[in-house]
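Can you build the whole structure from these sequences, using the hints too?
There are 2 protein chains.
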Amino acid sequence: MTNILIIGCGLLGSSLLRRIHKKRLASKIFVYEKSKKNILKIKKLKLPATIIKKPEDAVAKSKLIIFCTPMNEYKKIILKMNQNFHSKHIITDIGSSKCKSLEVINKNLKKGIFWSSSHPIAGSEVSGPENGKQNIFEDKWCILIKGKRSNRTHLKFLKSFWRKMGSKTVEMSPDKHDKIFSITSHLPHLIAYNLVQSAQDFEKKQKYDLLKYSAGGLRDFSRIAASNEIMWRDIFFDNKTNVSKAINLFIKNLKSFKKDILSKNNSSILKKLTQTKKVRSKIIKLKQDINKPNFGRD
Amino acid sequence: MTNILIIGCGLLGSSLLRRIHKKRLASKIFVYEKSKKNILKIKKLKLPATIIKKPEDAVAKSKLIIFCTPMNEYKKIILKMNQNFHSKHIITDIGSSKCKSLEVINKNLKKGIFWSSSHPIAGSEVSGPENGKQNIFEDKWCILIKGKRSNRTHLKFLKSFWRKMGSKTVEMSPDKHDKIFSITSHLPHLIAYNLVQSAQDFEKKQKYDLLKYSAGGLRDFSRIAASNEIMWRDIFFDNKTNVSKAINLFIKNLKSFKKDILSKNNSSILKKLTQTKKVRSKIIKLKQDINKPNFGRD
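Keeping their order, the protein sequence lines are chains A and R.
Take the position in the first sequence, starting the count at 1, then add 434; the result is the number in our numbering.
Take the position in the second sequence, starting the count at 1, then add 434; the result is the number in our numbering.
Hints may contain errors.
Chain copies aren't distinguished; within one or between two, either way the pair holds.
Unchecked claim - No farther apart than 20 angstroms at their CA atoms in a straight line, the calculated lysine to aspartate or glutamate pairs in the EDC-like style are these: (1) Lys545 x Asp609; (2) Lys716 x Asp635; (3) Lys711 x Glu637; (4) Lys711 x Glu559; (5) Lys534 x Asp609; (6) Lys711 x Glu490; (7) Lys514 x Glu572.
Since the hints were made in silico from the structure, they are not lab data.
Below is the structure:
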């Protein structure tokens with residue numbers, strides 16, 4: 435058995451910690467967490483972590499190192515850890531955007547060291563170690579990134595590791611990854627934030643008490659728009675070219691929608707409203723969502 | 435005990451039928467449904483309905499008449515029923531948009547007849563009588579509309595009726611109703627349809643298999659975008675002025691979002707991403723959504 439080092443112990447870092455412990459995959463799980471508040475929570479929850487004060491402290495003793503911090507923190511931490519990194523270290527991260535972060539990693543990671551990036555498609559609108567769950571990765575996809583600094587043997591190890599986390603794995607280039615997730619994840623989050631903001635703007639202007647009537651649709655968006663702001667700022671900034679293209683496509687379609695409404699174009703609007711219906715059943719069939727009306731809420 | 439006539443027996447019509455029967459609020463519940471497929475379903479489900487062949491057939495025997503059809507069908511049915519309507523009939527509908535439909539009602543409803551409109555904020559992405567539930571209105575708001583043809587005594591009766599359906603009631607003008615729901619319901623649905631369509635456009639162009647990665651956000655939108663197309667066409671067309679204004683506000687905010695991303699405006703984007711977070715907790719506090727991460731799905 436080997437030791438594992440988790441850097442950043444929020445929702446996903448603490449979920450990894452719980453799962454690794456449950457599956458007995460490590461002799462010791464070292465955790466570096468910069469937030470004192472989170473360290474107190476980890477201790478109070480009695481999570482099975484050996485907390486270290488500096489990220490570089492446990493590198494020599496660890497085989498697998500997993501970055502679970504916001505992406506803007508990678509550089510600073512890498513520079514601190516570089517002196518202790520060895521080519522045998524299996525290093526990965528769980529960031530949601532890849533091209534830009536891998537550029538930063540390439541630039542700052544010591545020569546001869548490998549970095550094989552991961553992206554588990556798991557998360558929630560709540561954050562912090564108290565919300566982590568050992569089964570959060572179960573039946574979810576985990577994308578493994580073939581990049582300039584990735585290593586075939588390490589990717590093979592990570593594939594097996596993520597399967598033990600409960601995930602299905604697939605390999606992708608950073609470019610393909612960032613394009614796909616700009617549409618399936620980054621744009622939906624941005625749109626949700628934007629919708630909630632528009633509702634707030636309207637509420638301020640009209641002085642209407644809107645939120646009590648949010649069960650008609652808005653509430654669904656408010657969930658996603660409650661996601662962690664630091665994480666999402668980093669994603670939007672890092673994947674800005676793809677996200678910006680996605681916004682343009684979205685606005686183009688929205689203008690066409692508006693035109694159909696204002697001109698009461700029956701056949702065009704019915705085409706829009708029926709084509710999209712098929713997507714839900716596909717998503718259910720692919721087991722990407724619960725097969726219950728209203729997400730089984732009511 | 436009185437007789438009730440339900441016109442249109444889809445998701446909400448059949449939910450009313452179930453609830454009225456369960457609470458023993460009517461001696462007989464007449465149901466007019468134009469779809470033969472739905473009539474077969476109603477019979478197969480053994481729903482407690484007396485099915486009538488023409489909407490006008492049971493008017494004389496009914497005290498309360500509830501329109502549950504798509505809004506574009508009101509006119510045709512009213513013209514058929516006019517000869518049998520009496521000023522004592524309590525007539526309501528459950529349409530999601532009010533100004534335009536009340537205009538049509540005013541224009542076509544026989545003089546001296548009252549119409550006191552309702553809007554229960556309940557629904558689902560699934561439709562049809564097989565998906566109705568007697569508790570679908572429970573703890574939901576029902577908006578009662580004070581309009582040109584509404585009647586104080588009838589509104590009082592309807593207030594009590596909707597409370598028996600499990601709802602909380604509030605009175606509103608048609609204008610205020612249509613403004614509020616353009617933001618809390620109509621825009622969110624339109625945005626969801628538009629997002630799913632944009633994902634489909636992207637998928638076609640890039641030939642990527644997107645939907646299997648929809649758990650990262652898109653899946654939430656696909657639920658709403660699976661809603662009934664006829665109902666939503668009618669809502670968008672009927673409330674087109676408010677919906678169009680809502681689209682404009684949304685695009686304005688989206689362009690500002692894009693600008694912040696492209697210019698990496700840290701303070702401005704963090705302001706956007708934190709302000710919206712508060713909305714979720716307000717919605718939970720107002721009991722408009724389930725208090726579980728991920729809607730309790732995973």
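Hints, one by one, checked against the model:
Neither within a single protomer nor between protomers do Lys545 and Asp609 lie at most 20 angstroms apart by alpha-carbon distance, with minima of 23 angstroms and 66 angstroms respectively. In this assembly of identical chains, Lys716 and Asp635 lie within 20 angstroms of each other by CA distance solely across copies; the values are 16 angstroms between and 35 angstroms within a copy. Taking identical chains as interchangeable, the C-alpha atoms of Lys711 and Glu637 lie at most 20 angstroms apart only when they sit on different chains, with a minimum of 16 angstroms there against 30 angstroms within one chain. In this assembly of identical chains, Lys711 and Glu559 lie within 20 angstroms of each other by CA distance solely across copies; the values are 9 angstroms between and 26 angstroms within a copy.
For a Cα distance limit of 20 angstroms, the shortest separation of Lys534 from Asp609 inside one copy, 10 angstroms, qualifies, whereas the shortest one across copies, 48 angstroms, does not. For the homomeric pair Lys711 and Glu490, neither the shortest alpha-carbon distance inside one copy (51 angstroms) nor that between copies (34 angstroms) is at most 20 angstroms. For the homomeric pair Lys514 and Glu572, neither the shortest alpha-carbon distance inside one copy (33 angstroms) nor that between copies (57 angstroms) is at most 20 angstroms.
Checked against the numbered hints above, the structure violates hints 1, 6 and 7; every other hint is satisfied.
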